[in-house]
Amino acid sequence: MNATGPDLTPRYRKDGEACDASLFYAVACDPMRPVVVEACAGAGKTWLLVSRIARALLMDTPPHEILAITFTKKASAEMGQRLHTLLASWCDLPDEELTAELIARGIPRHDSQQASLRQKARGLHAVVLSGRGVQIRTSRKSTRLNSSHHEVSRM
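Numbering (the numbering used here), first residue to last: 804 to 958.
FYI, nobody ran anything at the bench for these hints, they're computed from the structure. None of the values given here were measured: they were computed from a predicted structure. Warning: the hint list may mix true and false statements.
As the list claims (entries may be wrong) - Below 30 angstroms or equal to it, Euclidean Cα-Cα: the simulated DSS-like pairs (lysine-lysine) are:
| # | residue 1 | residue 2 |
| --- | --- | --- |
| 1 | K848 | K877 |
| 2 | K817 | K923 |
| 3 | K817 | K848 |
| 4 | K848 | K876 |
| 5 | K848 | K923 |
Please take these sequences and the hints and turn them into a complete structure.
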């Protein structure tokens, strides 16, 4: 509540318009769409970036072609750990729980390829560990990129 009454600002926006959480996450987690996410600490920005990476991996993007840039070493380590934990957890989840995980990341419940996506999701941890892996760096070490590229990029 502010001085003039309750804060009625919509929690989620897509293209400047209010939307519900499921639409917001479906759009924001889609690695084929550029997004800008503005949120306070603890609002879920790292979850969102890790989800975008996971979606890119599900779309057969080779792990070494994914680059995430953060501002601090702590954030870089946190993102790497969360990605590792997420992909490891997907290996053994029952179908219903894994489907819920994919839906939370914007994959439609009734996607005709849901079964094959679950199979692929269960193997992502091994894929990421077997090669050069996803690159997660701090902005100071990425001198090749200009300052406007401080988000997950599909290269």
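Each hint, compared with the structure:
Between K848 and K877 the CA atoms are separated by roughly 14 angstroms; this keeps the pair inside 30 angstroms, and the hint holds. Between K817 and K923, the direct Cα distance comes to roughly 29 angstroms. Compliance with the 30 angstroms bound is thereby established for this hinted pair. Taking the CA atoms of K817 and K848, the gap is near 16 angstroms; set against the 30 angstroms cutoff, the hint holds. The suggested pairing of K848 with K876 holds, with an alpha-carbon distance near 16 angstroms, which does not exceed 30 angstroms.
Distance hint between K848 and K923 is fulfilled; the C-alpha atoms sit about 25 angstroms from each other, no more than 30 angstroms.
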